[in-house]
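K.L.:
As they're listed, the protein sequences go chains R and P. Numbers 23 to 453, taken from the numbering used here, label the letters of the first sequence in order. Numbers 1055 to 1965, taken from the numbering used here, label the letters of the second sequence in order.
One thing to keep in mind: the hints can contain errors.
In silico DSS-like links for lysine-lysine, alpha-carbon gap of 27 Å or less [what the hints assert, rightly or not]: (1) R:Lys208 to P:Lys1479; (2) P:Lys1187 to R:Lys388; (3) P:Lys1576 to P:Lys1423.
Please keep in mind that the hints were generated in silico from the structure rather than gathered at the bench.
Next come the chains, spelled out residue by residue.
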Amino acid sequence: MEKPLTQHIVPGRKPLSLQEYEAVGGYASVRKILKELTPTEVQNLVKDSNLRGRGGAGFNTGLKWSFVPMGLDAPATKYLVANADEMEPGTFKDRVLLEGNPHQLIEGMIVAAYAIQANISYVFLRWAYKLAAKEITQAIAEAYEAGYLGKSIQGSGYNLEMHLHTGVGRYMCGEETALLNALEGKRANPRAKPPFPQVSGLYGKPTIVNNVETLCCLPHIINNGSEWFKGLSRSADAGTKLFGVSGRVKTPGCWELPMGITIREIMEEYAGGMQDGYLFRGLLPGGASTDFLVEEHLDLPMDYGSIQAAGSRMGTGTMIILDDQTCPVGFVHNLQHFFAQESCGFCTPCRDGLPWVERLLLSIDKGEGRPEDMLALEFHTKYLGPGNTFCALAPGAMEPLQSALKYFREDFEQHIVEHHCPWSTVWQPSI
Amino acid sequence: MATIYIDNVPYEVTAGKNLLEACLTLGFDLPYFCWHPAMGSIGACRQCAVKVYRDENDKTGKLFMSCMEQVRDNLHISIADMEAKEFRAHVIGWLMTNHPHDCAVCDEGGSCHLQDMTVMTGHNYRQYRFDKKTYINQYLGPFLNHEMNRCIQCYRCVRYYKDYAGGKDLDVFAAHNHLYFGRHEDGVLENEFSGNLAEVCPTGVFTDKTLKQHYTRKWDLTTAPSVCHHCSLGCNIVAGERYGSLRNVTNRYNGEVNGYFLCDRGRFGYEHVNSMSRIRKSLVRTQLPEATDKYKALQAAASAIKAGRVIGIGSPRASVESNFVLRTLVGENNFHHGVSDVEHDLSDLALRILRASAARTPSLKEVEKADAVFILGEDLTNTAPMLALAVRQSVRQQPLLEQVSKAKIPVWQDAAVRALLQTEKGPLFIAASTNTKLDELATATFFDSPDAIARLGFAVAHFIHEESPNVNGLTEQEEALAQQIAMTLLAAENPLIISGTSSGSDRILKASANIANALCAKEKSAGIVLTLSECNSMGLAMLGGHKLESAFEAVLNGYADTVIVLENDLYRRAATDKVKQFFEAAKQVIVLDHLHHATSEHASILLAAGAFSEADGTLINNEGRAQRFYQVYPTTEDIQESWRWLGELGTVIAHDQIVHWEGFEDIQKAIGHELPELKGILATAPPADFRIAGQKIPRAPHRFSGRTAMLANINVSEPKPPEDPDNPLTYTMEGYRGQPPSSMIPFFWAPGWNSSQATNKYQQEVGGALRGGDPGVRLIEPNPMPEAPFSTAVPQHFQPLANHLFMLPLYHIFGSEELSTLSPAVAERIPEPYVALNSADAERLRLEEGQLLHFSIEGQAYSLPVKTSAHIPTGTAGMPIGLPAIPYIELPAWAILNGKIQWKQQHQTTF
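All chains, please: the whole structure from these sequences, using the hints.
P.N.:
Listed below in structure tokens is the structure:
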């Protein structure tokens, strides 16, 4: 089984230096595009490969690029930004790539920047990824040294500057337009779309923001072609994907596997199945902002279409498992606490709705819930939907809640009726 | 135009607008918070949600925020859709989770947009069952009260204060539901337009602190349309009264003039009306001044006039009517302008320029649309504040036109437009004697003496049109700058030249006129704005009259012995000694004013005039726009308008013209007859016998309370409501309930809209002109074929004088204007007297910041603490003008230093 993205990553070992990376074929794609391919050809190649954005939305990467104005009429300044602000709860796939092989990211960024003819690029890195920051800083310096960055890369006449920006730890910055505002030194509030960043992005200039994993796929697509990339997958969605599992499984972790592998395979073959004494109840397939899937969904292939058809989203592809000894209300409360805290405070439903939901869940979990609280939770799941709020944060937050209300409703009701959490070992009479 | 379907009914709406604006224009009650007609949309509050359908067959639809949707043809939407309604009600529910529900003790109550929107959405039962958060409020200075607990986080305050008005010290802090809108620490809000926060804020976070001192609910105020008396721009205001005292001033929308905003001097300067130094009763001085009633005062004045040889001194802060009646009473030849002679000449020159120039003088709204601006010698923020705010908007015009359509972003989508344009600004050039607040926006600045500014202006005119005279001896840098300015102005669609009388330099005005004429000769639609010093400086100039100096002479050489001074403190107009000598020489001094001051001390007969809120009148602003202001509340018999006093005097002495005038309109007719240029003032407002459905227009809203009880402590029988003979307004709530003509809107109110947001309902199109057109009549239009378009008065280069400093006047928004300084809130913001000195000069004089500089001007000695400045030219200095603590000096003037000092021969311009 091919694992192009992680082939040179060995846990516990320092990432490859530029020389070592070149020795195993690194930066070949950069030399290739500069010599052989026009930006449009790169765009088309990636479009044909059916690479879909790995940040969660799953939009065709080549298509996304194609909206950037090109040619002589286009603005002289354009930007490429690598979204490395990985803060989705339960998600740690980009971290593997960032810490394990930073040159692969830089190579991918050069390819993407070249495709849209951007001359300035940024890595927007999560604040807490200290090790990654160190490795990327070194890798960028090496790349400049070797002439892969800076003026006239490899004598081609194409220039690209690259900067590392470490955020301050805000989930909101994972949203591409909020990321751009943060990068400009403004509040990390999202921007309205349209205009899309491709037209008016960083500093009002055409900008592409791509996820780290997406960018890491690019060198391999350039080197091996779009058909090869499609062939890696077991489903309609091309390539391999970094899948992760956390929760009470025997061997939680992150693995590069073919797109379309079933949930059960990932859980049982790679994560080793449930820990002894714990039973599976459900899972969030792609991070905290995706809907629960349950037992009946375990044989679904992990790809964008199949998971969506089951009422959830593949998101980042890193699943969180809910077991039978964890209270689903407490589980969801924990997530809502995170989302309420990470709301930027720009739009009303998210700013004031999420804290309300959080307090309702806390209250229910403490045994102080009231029957009408279920209605309050439900109207939030209805009205904090996509389009009603300014960005996707609150709709994402509602996904685990609405599916929990669907699959674990009796647990919520039991809390309210019995005035106590059935999972709590201490009897807490309501006040 | 586009056709849209709202709940299946077709409507014609303007294309290019957003859906919220379109719905509001059509008269729908669609609630909103974060959108503001002057500031556009950001989509934050989510209050204006409607159902949008894909096409006529789509029955499901999807919720969209109407403020973020462009109007397009064949758009199907629903406002009444149950889901949309439920969502809008929930938005209120969310907003209110931490709102204190303290309406009963909140200053905003009764004029609160949040209250209105809550009622509009139908949200009434609180579902949130948890504790509320509380915040610590801040001290924000004398103008605004801060109550953060009421905040609904609509972001309007920071968008207005930072993005629109250019403020630096208000921001949004923290995140999620801990947002805090305030300063980084307690302190005075620095921006000169901060008071608008009270109206921009949809609830009671920012409220008028001066109103709090004498609080009255909006529904209990008697209000009338008025015009601001604190500078020459003539912003439209609503003044509100209860129990005989003026309670507040709020904005009166005029699409052409001030739009939605006022400056802080205009909003908070009103309290001179309630001042302790008000003249409440007329006085006649026999041995001692003695308060007397109206008739005795009239008799005394009449006999003085009959017995004496009379001259009259008019005032730039009195109405056209008052000045005109005085002029008629004393005779055209005996009418003098109560302004300094320099100001007299400059105002006259400005008027002649506007009459003769090929360039049009634009309204403030048109200033906002200028795509290249050149300011000569004016510190607009301090001399004509709202013009500075308009210029601030204009610098966005040029990049906006160029880029927004290319990126296909609608101009109303504010956040997107700002993200696209970033800090990009259109051309703005400022030539001034010292740094101004607009410098931060300028493409290039030029700091030098008034003569050097004029030379630069002449050079620019010459580069635009070779017939305008050449300037010799410019430095290379000056020449390059003049070239750059000339090219930029020529490249613009609507270039604008701004100058004014505050620098005291006729050469700057002439240079400005040359530039404007040069641009017009090159077939540009150029504009020229000239700011004047006071609210009716233009009106006074248009009336014509002699100088103040000649009034002094007339009395001193015995030509006259009786003086009538109209609403004027001559100690602010000429040197103390001269004025004193003048008054002492006069046998009789009749003073009409509403305030005691040094001049009123000399009055042998003092007539109690009404303040602006106690009078009807017309002011002519710097644009030449005549605007009517109305009396707000009735006064006692002892106080009346100056024109009424003078008219009655004329009747008592049987003046052949005045005796035939029966009231305000007769005066206006006589003005139009005698001065055809001013005929337009008759059209500024409907006549006094104007009625709608046989009814007058009420000054008080229908919810006005306590009318029968207000005077019950004096007499339990309710008195007959006082009548106003001068206009069609009543002093009570009786009268026509609908919308009055645009020139006489006493308050903005519509069913369900109690706050100032009701303005929407008075406009033809939301954010556009008032129904029936924006009020005011322009009296001066450009002359397409100027006879002598180019002045040749190019000055020589300024040369510093040894042992002297050329003292320039410096203006302060709070302090330089007479009336507003009597407002306690404004008084708190008046700077201490100082002298501004170039840092290098200060070093040469061995003076540090704060140390005293001793100098004398015209024999008057001064010792003022030094403020060093990098911008004020060497060999010159600046001194704040008009401050209550500094007696009159004619500036600019040479100040003699007490020490010996040699300046560098070749002085330097700073850029």
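K.L.:
Take the hints in turn and mark each one as holding or not.
P.N.:
A quick look at each hint next to the structure:
1. R:Lys208 to P:Lys1479: holds, 19 Å
2. P:Lys1187 to R:Lys388: Within the cut-off at roughly 21 Å; holds.
3. P:Lys1576 to P:Lys1423: holds, 20 Å
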